[in-house]
Amino acid sequence: MKLAVLMSDYRTGSDIIDRLSAEKLGIILVGNGVYHAAAKEDGKACAILDKKAEFFALTEDFESRGFTADKLDSRVKAVNYSDVVDLIFNDYEKVIWL
Amino acid sequence: MATRKLAFVVRSLPYKTEASRLALTHAISSQTVEIYLNDGDLVEASISYVGDGVFNVMKNQQAGKHYGITTNEGHAKNTLLLDLKVLICKEDLDKFGLTEENLVMDADDLGGDMKANIVSYSEIQKEMETADHLLFC
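Chains as they are written, first to last, in our numbering: chain P, 3 to 100; chain R, 271 to 407.
Since the hints were derived computationally from the structure, they do not count as laboratory data.
Warning: the hint list may mix true and false statements.
Unchecked claim - With a straight-line cut-off of 25 Å between C-alpha atoms, the simulated BS3-like cross-links for lysine-lysine are:
(1) P/Lys42 / R/Lys396
(2) R/Lys286 / P/Lys46
(3) R/Lys365 / P/Lys53
(4) R/Lys355 / R/Lys365
(5) R/Lys355 / R/Lys329
(6) R/Lys286 / P/Lys73
(7) R/Lys385 / R/Lys360
(8) P/Lys96 / P/Lys4
(9) P/Lys46 / R/Lys355
(10) R/Lys286 / P/Lys79
(11) P/Lys4 / P/Lys54
(12) R/Lys329 / P/Lys73
(13) P/Lys46 / R/Lys360
(14) R/Lys365 / R/Lys329
(15) P/Lys96 / P/Lys79
(16) R/Lys385 / R/Lys396
(17) P/Lys46 / P/Lys79
(18) P/Lys26 / P/Lys4
(19) P/Lys54 / P/Lys73
(20) R/Lys329 / P/Lys42
(21) P/Lys53 / P/Lys26
(22) R/Lys385 / R/Lys329
(23) R/Lys365 / R/Lys286
(24) R/Lys329 / P/Lys79
(25) R/Lys329 / P/Lys46
(26) R/Lys365 / R/Lys335
(27) P/Lys73 / P/Lys96
(28) P/Lys4 / P/Lys53
(29) R/Lys275 / R/Lys396
(30) R/Lys275 / R/Lys329
(31) P/Lys42 / R/Lys365
(32) P/Lys73 / R/Lys365
(33) R/Lys360 / P/Lys42
(34) P/Lys73 / P/Lys42
(35) P/Lys79 / R/Lys335
(36) R/Lys360 / P/Lys73
(37) P/Lys96 / P/Lys26
(38) R/Lys396 / R/Lys355
(39) P/Lys73 / R/Lys335
Nothing here was measured: the structure is a model prediction, and the numbers come from that model.
The shape of chain P in the complex, shown without the other chains:
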């Protein structure tokens, strides 16, 4: 299955991400989920970014929180709302929200 995961929290949901399996997995970081891409704790990037998946972060949400695209982890691509719609309709078959 081709699965897109919309992740909108920072402190919850990582346990589910660990267990998810899909032939194509996309993790779209929205809302407070963008801290996974932009924040580092003790100098370390967020562990979910080690998952075999494509990562996206919604520009509107990380900019609203004071971050810029150049501060995102290199594994994460900045996308806007219409990119997210395209991803959901063109690249993935199923979508879940964490």
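Fit chain R to the supplied structure of chain P, relying on the hints for placement.
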């Protein structure tokens, strides 16, 4: 004549929920409580940012542009226009690799005199212990 100490402690991330914004607006409005008190009675409020809450005072928040709402950065700046103690936890800033450069430390551009203070968690703990009322959100 008595002084009631209020301590607002923000530990939540901004925007997804109203929690941190409510702490800010309540802290800002807390001094208006004095109109309901006896003459000479005072309210002394402080606001502290700990844990994930330190992200509320990030500079360059663009929530106005994207969400059409006022930013928590703007609210944080408003706290510095009042006689309100603002404390930011040093250990949590260090954990996230944030420095003064990344944060709202003053409201000079709005004519404010107050500065935010980066302090160790033990000082915030003291603030909580000496407060008459504690709001933790």
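Okay, the hints, checked on the actual structure:
no.: 1; hint: P/Lys42 / R/Lys396; in the structure: violated, 28 Å
no.: 2; hint: R/Lys286 / P/Lys46; in the structure: holds, 24 Å
no.: 3; hint: R/Lys365 / P/Lys53; in the structure: holds, 23 Å
no.: 4; hint: R/Lys355 / R/Lys365; in the structure: holds, 23 Å
no.: 5; hint: R/Lys355 / R/Lys329; in the structure: holds, 19 Å
no.: 6; hint: R/Lys286 / P/Lys73; in the structure: holds, 21 Å
no.: 7; hint: R/Lys385 / R/Lys360; in the structure: holds, 15 Å
no.: 8; hint: P/Lys96 / P/Lys4; in the structure: holds, 6 Å
no.: 9; hint: P/Lys46 / R/Lys355; in the structure: violated, 32 Å
no.: 10; hint: R/Lys286 / P/Lys79; in the structure: holds, 21 Å
no.: 11; hint: P/Lys4 / P/Lys54; in the structure: holds, 13 Å
no.: 12; hint: R/Lys329 / P/Lys73; in the structure: holds, 14 Å
no.: 13; hint: P/Lys46 / R/Lys360; in the structure: holds, 18 Å
no.: 14; hint: R/Lys365 / R/Lys329; in the structure: holds, 18 Å
no.: 15; hint: P/Lys96 / P/Lys79; in the structure: holds, 20 Å
no.: 16; hint: R/Lys385 / R/Lys396; in the structure: holds, 19 Å
no.: 17; hint: P/Lys46 / P/Lys79; in the structure: holds, 19 Å
no.: 18; hint: P/Lys26 / P/Lys4; in the structure: holds, 5 Å
no.: 19; hint: P/Lys54 / P/Lys73; in the structure: holds, 21 Å
no.: 20; hint: R/Lys329 / P/Lys42; in the structure: holds, 17 Å
no.: 21; hint: P/Lys53 / P/Lys26; in the structure: holds, 12 Å
no.: 22; hint: R/Lys385 / R/Lys329; in the structure: holds, 15 Å
no.: 23; hint: R/Lys365 / R/Lys286; in the structure: holds, 22 Å
no.: 24; hint: R/Lys329 / P/Lys79; in the structure: holds, 22 Å
no.: 25; hint: R/Lys329 / P/Lys46; in the structure: holds, 22 Å
no.: 26; hint: R/Lys365 / R/Lys335; in the structure: violated, 29 Å
no.: 27; hint: P/Lys73 / P/Lys96; in the structure: violated, 29 Å
no.: 28; hint: P/Lys4 / P/Lys53; in the structure: holds, 15 Å
no.: 29; hint: R/Lys275 / R/Lys396; in the structure: holds, 12 Å
no.: 30; hint: R/Lys275 / R/Lys329; in the structure: violated, 28 Å
no.: 31; hint: P/Lys42 / R/Lys365; in the structure: holds, 8 Å
no.: 32; hint: P/Lys73 / R/Lys365; in the structure: holds, 16 Å
no.: 33; hint: R/Lys360 / P/Lys42; in the structure: holds, 15 Å
no.: 34; hint: P/Lys73 / P/Lys42; in the structure: holds, 10 Å
no.: 35; hint: P/Lys79 / R/Lys335; in the structure: holds, 21 Å
no.: 36; hint: R/Lys360 / P/Lys73; in the structure: holds, 21 Å
no.: 37; hint: P/Lys96 / P/Lys26; in the structure: holds, 10 Å
no.: 38; hint: R/Lys396 / R/Lys355; in the structure: holds, 13 Å
no.: 39; hint: P/Lys73 / R/Lys335; in the structure: holds, 19 Å
Violated hints for the displayed structure, listed by number in ascending order: 1, 9, 26, 27, 30.
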